Amino acid sequence: MNVRSQPSAALTGAALITAQQEKPLLRFVACGSVDHGKSTLIGCLLYDSKQLFDDQIDALAVDSRKFGTQGEKLDFSLLLDGLAAEREQNITIDVAYRFFATAQRKFIVIDAPGHEEYTANMATGASVADLGLVLVAADGGLTRQLKRHLVILSLLGIRSVVLAVNKMDRVGWSAETYRTIEAEFREFATALGIDAIVCIPIAANSGDNVVGRSQSMPWYNGPTLLEYLEQAEPTRGSRPGPFRMSIQWVNRPSPDFRGYSGLITSGKVQVGMPVKIYPSGRSSRVARIVTFDGDLVDAAAGRSVTLTLADPVDASRGDLVAGIEQAPEIADEILTRVFWMSDAPLRPGQNYLLKLATSTATASVEPNLSVIDLDTRQLAEAASMARNEIGTCTFKLDRPIAVDRYADCKDTGSFILIDPETFDTVGMGCVERTCAPRPRWWRWSWPASWRLKRKNPDAAKPTRRSETHFRSLAKAMSWRATGSLDTFVVTFVITGSTKLAGSVAVTEIMTKVLIYYCHERIWAWVPWGKARPTHSPGLQQSLGH
Amino acid sequence: MDAHSRFIDGLEDSPTVATARESIARSSTHLEQLEAESIHIIREAVAESDNPVLLYSIGKDSSVLLHLALKAFYPAPPPFPLLHIDTTWKFREMIAFRNVRTCELGLRLIAHTNRDGLARGINPITSGSKLHTDVMKTQALRQALDQHRFDIALGGARRDEEKSRAKERVFSFRSARHLWDPKRQRPEPWRIYNGRKRRGESIRVFPLSNWTELDIWRYIDQEQIPLVSLYFAAPRPVVVRDGELIVVDDDRLPLAPGELPVIKSVRFRTLGCYPLTGAIESNARTVAEIIQETLASRYSERRGRVIDGDGAASMERKKQEGYF
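For the protein sequence lines, the chains are A and B, in the order given. Quick note: to get my numbering, add 1117 to the position in the first sequence (first position is 1). Quick note: to get my numbering, add 22 to the position in the second sequence (first position is 1).
Same shape as in the complex, but just chain B:
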C-alpha cells in the first residue's frame, strides 16, 4: 500500500530507526543460525530431488520460506516452481498479493483448484469445514502433486504450531498414497537428511521446523519481507461465528436476517479460507507492534483456525491423509 511505503520512506532517515536496525544486526546470531540451518535444508532437499516444488500458501511462513529459497540459490533463481492450492475461498487480498509477488520475482506459479470438488459445490459454509478442508485442500494437494509428479515438496510448517507437528521430521516421508505414518518415521540424526525414495513416494520437507512464531516475526522485521496486509490491524467488517471474529470478505458469507457486519480494528495471526479463519482484535499496525503483542499474548496462534477444532488429534489425522 502506498501509504505504508511512504511511511517507511519517511522513516529511513530518522535516527531512531538506524539505532534500532543496528541493535538488531548486532544481536541476530540466533536468527542467523536458524537462517543458515534452513538454507542448508532447502539445498539438501533440492539436491536430492528429481522434481521439487515449494508449497506457497501466501501466509507469513510461506513468505519467509520463499525468502530463504531466494537466498539459498542466489545468484541463480530458485530451481523450482511455487504451488498454491486455491480453494477459491481465500481472502481476495491474498490472491492479489500472490500474483504481484510471483510476477515481481519472475517465478513460475502453479495454482491448483480441485475442479471436481468445485463442480460438486463443496464450500466451507454449507459443506462444513471438515469436508471442505478434505476435498479442497488435502485432496487438491494430492491431485497437484500426482499430476506434476513432484517428489519433494517444501512447506513452511513449524514444530511450535501444533502438537503433532512438534513430532514431525524435517524430511517427512510420504507413501505412494501420500500417507504419513507417525509411528514409523525415519530416524533423522544430526543434520543428515535421507532424501531417498522409491518411485511414486514423496517427501515433505519443512525447513522452518525449528522456528517459533516470534522468530518468524523478528526475521520478517530484520529482512523487510513483504507480507499481505491482512496481518496488520485495520478497520474491517466482521461478524461473530462460533465465538470467532470472521471478516466478511465478499458477499458469499450468508448473514442472518437483519445482521450487519461491525467494523472493528482486527488482524490475523494465521491465514486460510476466510470463513474458517478467526481474526483477533488488535491495533498492531507494524511488525514491531505485532512482536510486542505476540510476546504478551495468552493464546496460541492456531486458536483462530476453525479446522483444528474438528475433533481430538484432528491435525494428526489430516496430516496422515496428506494435508500439509
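The following block holds chain A by itself, in its conformation from the complex:
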C-alpha cells in the first residue's frame, strides 16, 4: 500500500530540477495608491509571462464579464483580488502572495493594498520584501498614500525601489509628464535613504514596457519592468553578521538530552564555539548541532537547528543564544521606530505586550513620542500616535531583554505590539537604539534619514550605564591633574619647600586617581537623583536633513 516516492532516476528530471532551483528568488512588494493599477499590473505580469493555468484564465473570463471594469477584455485585477468583498468593491483589501518564475529567476510578488484603510496589510507584506515596486498613475502623481508607503519601506530598511509610472496612455505617452513625476519621486525617496531607484514608464492595461517593449514611447530606452526585475540585485543586509539564535523550544525527550531549538537568524555557529545565553549572560560552548538529518559541524543563518551546550546552563524559550563577539544589548528601555495599526491611538503610559523574536515582555510607552509629517518628512512631538501614523517612541520594559539594532540584525531588532486585552496585533516597530550610549562609529552608521538630531545630545542620558569606564577614568585624571597642582601650590606656600610640595603632590596623584575612579563607579550605579529622558518641548528633530 505505501509507495515510497522514487528518486528522480531520469536525468532529464534531475536537470529540470537543477535548472529551476538555481534561479535566485526575488521577493518584491507592489505598492502605491489605490486605483493606480497594481493588481492589473501583476495580473499582466503573470499573464504575459505565461504563469496562468487555462482553468484560471477561463474563470477570469467569467469573472471579468461579471465584475470587470474592462468591457470585453480580461480584468487582471480579479486574478489577485481573491476575497468576495474585494471583487464587489474592485479594491484590494489584503495582501496577496503570488509565485511566478521566468527563465531567469523565481519571484514572489506581494500585492499590497493601496487604500489607506488597509495600510497595515501593506506593511505586513513589505516587511518580507527585498525590493519595492512602487506604482504611480501618470495622471495622478505622487499621492499622500504613496508617500506613506515610501516612509514604511524606508522604516523597514528597503533600499531598492523601482518606480513604474503607469497609465502613460492617459497622458498621451508624454515624456515630459514622466520626467516631472520621476524627478519629484527621486527627491522624496532619496531623502528617505532609498538609494537604489529605477524608473520605468508603463501602461499595464496594454502591457507597454511590462514584458514587451512599448512602441508608443520611443523616447524611453531603459529596461522593461520584467527585464529589470529579472536582473535586479537588491541591496539587502547580507553581511555575515554576529551569531544569533532565539530559543523557540527546549527539547527534552529524556533526562540526558537537553537541546535548544531555534532558527539561526544571523551569522554562523560551529561545534565547540563559545556562546553566551542572553539576557542572563551565562557562557558555554556548543556541544552538538542536532538535526533530523544528522549532526552538523556548522550551520549558518536561515537554518532551523537544535543546539546542545557543553555546560548545564539555565536557558528557556525567549532567551537568545549569541556569539561572544558583537554581543547584543541587554536593555529594559528601547528607542524605536513604530508603525501604528490600531484604531485606539498609541499614548504615553499605556501598556502593551512587546514580542521581539521569541521573547514577550510588557512594555509601557514613555512620554517622548514623535510622529512623522508625511509632507515635510519632519518628526514632530506628539501627544499620541494615530492609526497608520509612523514615528518614534521609547518603551520601558518590565524586564531586560536582548536586542539588536534593526539595521544590524533584523530578526532581533524588530517587534510587534499586542493589545493585552484583545490580543490583536496593534503595532510593529524596529529598534533604533537602547537607551545606553553607543560608541561613536555606531551612531554614524545610522542612515541619515532616521537619525534623530538633537541640539543637545547629552541632555538626556537615562540609565545607570550612562557613564562608560573610559569616561570615568578620563575624568579621574583631569580632576587629579587640577587637584594635584592645587596641592603642590598650597603645600609650597605653607611649607616653602618645593621638595615636600612635590612629593606630597606625586603621592596624592598615585592614590587619589584610584580612589576617585572607584568613587565615580559607585555613583554611576546609583540611579537616584538622575533626570528622566525627555525631549524638551519645541526641540527640533528633523528627518532626512
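It is worth saying that the hints were derived from the structure and are not from the lab. Each hint can be trusted.
Taking CB as the label site, the calculated pair distances span: (1) Gly-1466/A with Thr-110/B: 54 to 60 angstroms; (2) Ala-1500/A with Arg-206/B: 25 to 31 angstroms; (3) Ile-132/B with Asp-1492/A: 55 to 61 angstroms; (4) Thr-1479/A with Thr-110/B: 45 to 51 angstroms.
Some chain A residues flagged as far from chain B (calculated, every beta-carbon gap over 10 angstroms): (5) Lys-1264; (6) Arg-1287; (7) Cys-1316; (8) Gly-1324; (9) Pro-1351; (10) Leu-1491; (11) Ile-1632.
Computed from a prediction, not measured in an experiment: that's the story for all the values here. Positions of the beta carbon are idealized from the N, C-alpha and C atoms, including for glycine.
With the hints as your guide, set chain B onto chain A.
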C-alpha cells in the same frame, strides 16, 4: 507496494541515481529555506499553544507537513496528536495508508466522523457536494476541535492553491465560533507570529503557506517521503461525471443502467472524498515524471476539486464557516 520498493532497491546502486541525488543536494537552497521557515513556524505554533493538533488529511501536503513536524522536534517525537476528519467517503487506500503510517511513526491518531451527519444519511452522491462538505467536513472539524479543546491546529494549506488562500495569514485567527474574518486579519510582519488568543478562540497555522505545488513535489523527491499510491498513475476503473474522471473506489457509486467503468491510466493531483475528486489521465509513475508533468501542465491542481466550483468565492465562504 512491494514492486515499488524493489524498484527503488534496484536503483540504489545505479550511478545515474547517485548523480541525480548529488545535483539535488547541491542545488537545494530554495527548499532548505522553505524547510527552515516551516520548521520555525511549527515550533512557534506549538510553543504558544496549550493544546496543539496537526490536521492530517493523508494527502501529499499533509505528508510533507508531518515530515517537517518530525524534523522540528527531533530527537523528541512531535508533541501533538494527528486529527483526521473521516467523511467515510475517502479512498480505501487513503485510510489503509493512514493507519500504517501513524502506526509506523508511533503517533497518536484521532479519527473523527460526524456521527450525527452519518445518522442523517448525508453523503456526497444524493445530498450534493455542498451539503456533504459542510456537514461531514466543516462541521465535523468544528466538533472535533471543540470536543478536544484544541487551541492551535496546524494544516497543510498553501497560498498558491486558491485565491482566498493567497490572502490568508500563516497564523490565521478564528473566533470562538471558528469563524474567519478576512477583513480583519491580524497584521503579521516579518516572522513574528502572534499566537495569543482568549479562551475558546483558536488559531489555524499554515506552515506550508509559501510552498508551491512544485516545491512540494521536489521536496517529496528529495526527502523520499512516503505517499499514497493514488498520486502515481496506474490503471484504475473510471466513469465520467460532469466532465470529471471519477474512480469507482467501491460499490457505493451508482452507475447508470448499462454503464461500465472504463480502465484508464490515471492519477490524482489532489485527494479528497472519492466521488468528489477528479483524476487526470497520466502515465507519470514516479515523482520525477510527476514533476515534469506539473511543469508542463496547463491546469491548476484544484481543477479536479468538484467542491471548489460550488458558486463564486466558494472557498472563501467555506473557510469563513470553518472549513480548512
